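Chains as they are written, first to last, in our numbering: chain A, 145 to 839; chain B, 145 to 839.
In case anyone wonders, no lab produced these hints; they're calculated from the structure. You may find that some hints are simply not true.
A pair holds if it fits inside one copy or across any two, identical chains being indistinguishable in the list.
[Unchecked claim] Once the Cα atoms are required to be at most 25 Å apart in a straight line, the calculated BS3-like pairs of lysine-lysine come out as:
| hint | residue 1 | residue 2 |
| --- | --- | --- |
| 1 | Lys443 | Lys771 |
| 2 | Lys443 | Lys770 |
| 3 | Lys626 | Lys305 |
| 4 | Lys626 | Lys760 |
| 5 | Lys767 | Lys330 |
| 6 | Lys443 | Lys760 |
| 7 | Lys767 | Lys443 |
| 8 | Lys708 | Lys689 |
| 9 | Lys724 | Lys708 |
| 10 | Lys626 | Lys770 |
Only a predicted model underlies this, so the values are computations on that prediction, with no experimental measurement involved.
Number of protein chains: 2
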Amino acid sequence: MPLLSFPGISTLIAKGVYDAAFPLHDVSVSREVLFEEWARYSAFYKYQPIDLVRKYFGEKIGLYFAWLGVYTQLLIPASIVGIIVFGYGVATVDTNIPSLEMCDERLNFTMCPLCDGACDYWHLSTACGTARASHLFDNPATVFFAIFMSLWAVLFLEHWKRRQISLSFSWDLTGIEEDEEHPRPKYETILLEKRQRNTSAVLYTIHFLDIYHTLTNCQSIFFSLCCQFGLTFSAVFGVIIYRITISALMAMSPDPETKSNVRVTVTATAVIINLVVILILDEIYGTVALWLTELEIPKTETNFEERLILKAFLLKFMNAYAPIFYVAFFKGRFAGRPGSYVYVFNDYRMEECAPGGCLIELCVQLSIIMLGKQLIQNNIFEIGIPKLKKLIRTLKEKEPTQKEKDGERPPRQWNLDYALVPFEGLTPEYMEMIIQFGFVSLFVASFPLAPLFALLNNVIEIRLDARKFVTELRRPVAARAKDIGIWYNILSGMGKLSVIINAFVIAFTSDFIPRLVYQYMYSQTGTMHGFIDHTLSFFNVSNFKPGTAPHSSDHGDITVCRYKDYREPPWSSDAYQFSKQYWSVLSARLAFVILFQNLVMFLSLMVAWVIPDVPKTIVEQLKREKKLLVDLFLQEEKEKFQLIQTRPLFWTSLCPESLGSRLLRNIRLLEEWIFKQLDLILPRCYHLAVTYVML
Amino acid sequence: MPLLSFPGISTLIAKGVYDAAFPLHDVSVSREVLFEEWARYSAFYKYQPIDLVRKYFGEKIGLYFAWLGVYTQLLIPASIVGIIVFGYGVATVDTNIPSLEMCDERLNFTMCPLCDGACDYWHLSTACGTARASHLFDNPATVFFAIFMSLWAVLFLEHWKRRQISLSFSWDLTGIEEDEEHPRPKYETILLEKRQRNTSAVLYTIHFLDIYHTLTNCQSIFFSLCCQFGLTFSAVFGVIIYRITISALMAMSPDPETKSNVRVTVTATAVIINLVVILILDEIYGTVALWLTELEIPKTETNFEERLILKAFLLKFMNAYAPIFYVAFFKGRFAGRPGSYVYVFNDYRMEECAPGGCLIELCVQLSIIMLGKQLIQNNIFEIGIPKLKKLIRTLKEKEPTQKEKDGERPPRQWNLDYALVPFEGLTPEYMEMIIQFGFVSLFVASFPLAPLFALLNNVIEIRLDARKFVTELRRPVAARAKDIGIWYNILSGMGKLSVIINAFVIAFTSDFIPRLVYQYMYSQTGTMHGFIDHTLSFFNVSNFKPGTAPHSSDHGDITVCRYKDYREPPWSSDAYQFSKQYWSVLSARLAFVILFQNLVMFLSLMVAWVIPDVPKTIVEQLKREKKLLVDLFLQEEKEKFQLIQTRPLFWTSLCPESLGSRLLRNIRLLEEWIFKQLDLILPRCYHLAVTYVML
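Let the hints inform the model, and build the full structure from the sequences given.
Structure, rendered in structure tokens:
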């Protein structure tokens, strides 16, 4: 039966007395209009009819779509700048000296083998492709773009703040205060059980329940979260092991065709495994977070939601980004050097980055995970599964309806709506968008096209969600909300995190700093010529550990091979130690991080400071309203004073006394309480008193 | 005449129609009690009677003293930790290997001369004293203390936020909104002049005035601020020149007595000159900031005050800290190296830091400026000058009173109060404390006793200010204020700045990082033995430029001298270039800055997040109040409903209609305005409706 939720109904549903309680869809004009103007894909270029959405679904859902709209809208400039930055990369790839040098076969750098025994020496020019691809994403414009996107994130938050205030003004939400919520049914049940066991001290129990659960569950939650973290890390580590072993096995295969495709095959399959693992764990983590939050027995629904969101966010964030963090900051940094490689399980060498730098791998990883996650989540989880659920539901219902058909009654609206999927909260929708926001902001320095992909996804996402809400879900119970709640804090936290992560990506993952250092400190000509030579260290092949040197070589008699690192040459007194260049480049990288972080933080503060939180039009409107209201009240009170002789009114009985009491402060407690609450009314009383004196 | 300020009186005073307008001092009990309980030095250990202060002087001044009280109270733990940290330095000075090594005469490091020609080589062990003193402030505990103080600053702000909310609750300030202020008389005058010149477009002019002044004055203000900055920097630079020249001159003097005291004499006199310059410029800058703000013609008094404070703060902050910044981050870094010194005016070598490190000089500079500024400002500016002013005033007044004495009338309260000094706002009081807060937080890593000195000063300062307010100033017009306004933002900004500055002080000014790097990277034994040797580079005396080698030496035949820097020795292939050690130490320093900054920022966020802004007691009290109020209203409305037949009341006529209109949204514009404003009342109406239905 359609019912407005009042305390009790949720308990009854939970106990199985009722099957469901939901408001009916409005089959009149509203739903039609919403479908026509909002839920069709062909309306993608239009602004959303937010006021209509709010009227139909309530403020909470209205705010979600408004937020999604603002986000999508602001992705447009970000995408454009991203395309320009990418275009700059494309345009300069043929004039970029480092990638030209890498492709130049005349320079003939003989590189040390990529695996022990089976692999041969190789020429750097064979990695020409990745070097050129790398330049598309790793060029000076990327640094500018990272700064731009950090400011963009601040701008987005500020813009949303303003929009939120405008909405809450026009939706009449300014005055709502959080009313005391009813305790959740679950909480009450547990309290009841406790009370039955120990009837003496109920009030004590309520308090004790909080502390008891906090203490006992803190442990289990902490432990469980650690387990989940462990699970994710072992998944990431598993994929690493997969990559290492498969590369090693494929390298050993005698087929030259297999050998040449090693890197492509391994990277592609590994990323896909990563993606699948992420998607599976995502679902598991959703359940785990729910279970953990149930364990805590939060008192109210809001409390429950906030804790659930925080936990689910932590788990899903880590799940989605752990492999990317690995590629960005750890891959290739613990591989050791020729003659002293790092081995896992005593047999397999730790993996290194592609010769073009880790950035291109980061870029591949990021784009595949982002695109894959969005496509699969959109198609399977948001379209496929609901459809499937609906199908199952209709199949189940078929038998009784068959019998009922004899009565020939046309299906009523509640029967139609009952067949729809129940609404399960906005958390998954927000979560998806927040994780996407992470892709757009956190690692944007390595993948300037991320905003574009996000934009394309969101244009579809809005209509997809709209369609789901209008046609596939039961109408949710309308809920008021002043703001988007904890999501704003999460967004703002991610914005802050993105500054430092982008600083590290530019400084450590990209080759931006080594290039600058080479140009201004080491280059004889002041140009980039010779940069590749400068980044490669020498290795004397006689220093290979027994059995690790190539078994056979097509390159003739090699005495010295090169590898990418800043180390002393074999003929130096402290051979293979980090060279002076290493330390100077490291200093430059760290200095860049400090400079970038503080500059961007300062600029962000300035942006947030310059943009006022409340739009000017609203400030003025509020002022005008206040004035009008005061005038109106004065007028009204004046009229009422004419009647003062006949009957004391509410105002008049209250005001003069309160004025006096404010001066004397000798009133009783209760009166004080009233007067404090009436503070808003008192200025009017004051005016009234003035009018009174003037009359 | 004592008058409450209403629009017009300030204009009349400004035009000289009246001489002054002020509320009279209350000679009854209150002032006596305030003096006894608050304004006497012997009450220094007592809590301030803040409620009494607020009652006598108004909320704005009450908040200042409450803030000062919270700040002083929180300085107590900071001082204690500071003393412990200093105590740790004192306790370990005799076991500290680097300072023992510096004092060890057997090690016999022959250092390069400190000036050209006139100075001789010298033994490092002669700088034993400064090395030992340096250890008192530059030890591992200092790092801990810097982190502690950064968190302390956050804690202080959070604590104050809570206190402010408690106060605004108990002082009944929760509901006050900023009322529309009257324009300042000055602004109105200028508007009037403009209007007379161009009568046609008045409204246009108002708008135009804003833009016009913004545009024309922006230039002049920017220019003027630049001038002031230039003035400060030239003052600092002047002192540097003074130091360089005087040291050079004294070093050349034949008297050995003079020679040995060079450093002490020069440092002491230079710091005193710095101090005097700061005090003089401080007064000038106060006037300049006022003049600049007048130029802008801000519309309202609040606006005026905020702009004035911001400007005055910028100027005074820079003035007070410029010499300290110089010593912390610039001194000794541009001095060059033996054989290639940096010269100013072609003659004088840039100054270097003392052999014990720059930190000890920073410490001396900091303590003298801090103590001197406080003592002089307290004694001269806050006690001396007001007394002097009063004396002048009474001398001036004497003649007319002589004549009046014939009438033999006893002086009335307004005559007595008129003789007092007029109140000139809280800005100077706040400014003094904020600059002190800077000394306590910004450079605390170099001077752990700063909180102690601040505490001692403030204990006196509170009573001094109290005495001034109670006995020496005319009673200020009471003003309401919700919070301490822009000062909170300035404090919070300083807290943020202090994190990065302390990170740099520890990383670059102290020897903490080089010591760590030596211990874990270079030391053969894993101890600090040999650290001093490691920090000193070699210089071949034959590489001195002609005329710069010592004219005569007591040290016999020297071929190699040492200097403090990480450079390649003369026998290396790239002699005197920065060595690998230099770059590795630099990397470690920068890495420390990143680590420290992000760790402390993270911890600060956590602290701010964990401490709720509103104290729990107040949250509960508010809840209880709300409940009582709703109950009361329900009760009252129920009673009124009994009378509903006889006469329609204000509430009943309004509410049902509004309920309907909320659903229909077909009401007229004016009605909507009213209802929005009445949002606070509507929930009650709702309850009313419920009651109505139940009846």
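The hints, checked one at a time:
Taking CA atoms no more than 25 Å apart as the test, Lys443 paired with Lys771 passes between copies only; the shortest distance there is 19 Å, against 42 Å inside one copy. In the homo-oligomer, the alpha carbons of Lys443 and Lys770 lie at most 25 Å apart only across protomers (20 Å), although the nearest pairing inside one protomer, at 39 Å, exceeds that limit. Proximity of Lys626 and Lys305 under a CA criterion of 25 Å is satisfied in both settings, with 11 Å inside one chain copy and 23 Å between copies. In this homomeric assembly, Lys626 and Lys760 come within 25 Å of each other (Cα to Cα) both inside a single copy, at 20 Å, and across copies, at 23 Å.
When the C-alpha separation of Lys767 and Lys330 is checked against a cutoff of 25 Å, the pair qualifies only between copies, where the shortest distance is 24 Å, while the shortest distance within a copy is 46 Å. Only between protomers do Lys443 and Lys760 lie at most 25 Å apart by alpha-carbon distance; the minimum there is 17 Å, versus 40 Å within a single protomer. Taking the shortest alpha-carbon separations for Lys767 and Lys443, only the inter-copy value of 17 Å comes in at or below 25 Å, while the best intra-copy value is 40 Å. Proximity of Lys708 to Lys689 under the C-alpha cut-off of 25 Å is restricted to the intra-copy arrangement: shortest distance 19 Å within a copy versus 42 Å between copies.
Taking the shortest alpha-carbon separations for Lys724 and Lys708, both the intra-copy value of 15 Å and the inter-copy value of 20 Å come in at or below 25 Å. In this homomeric assembly, Lys626 and Lys770 come within 25 Å of each other (Cα to Cα) both inside a single copy, at 21 Å, and across copies, at 20 Å.
Hint compliance for this structure: every hint is met.
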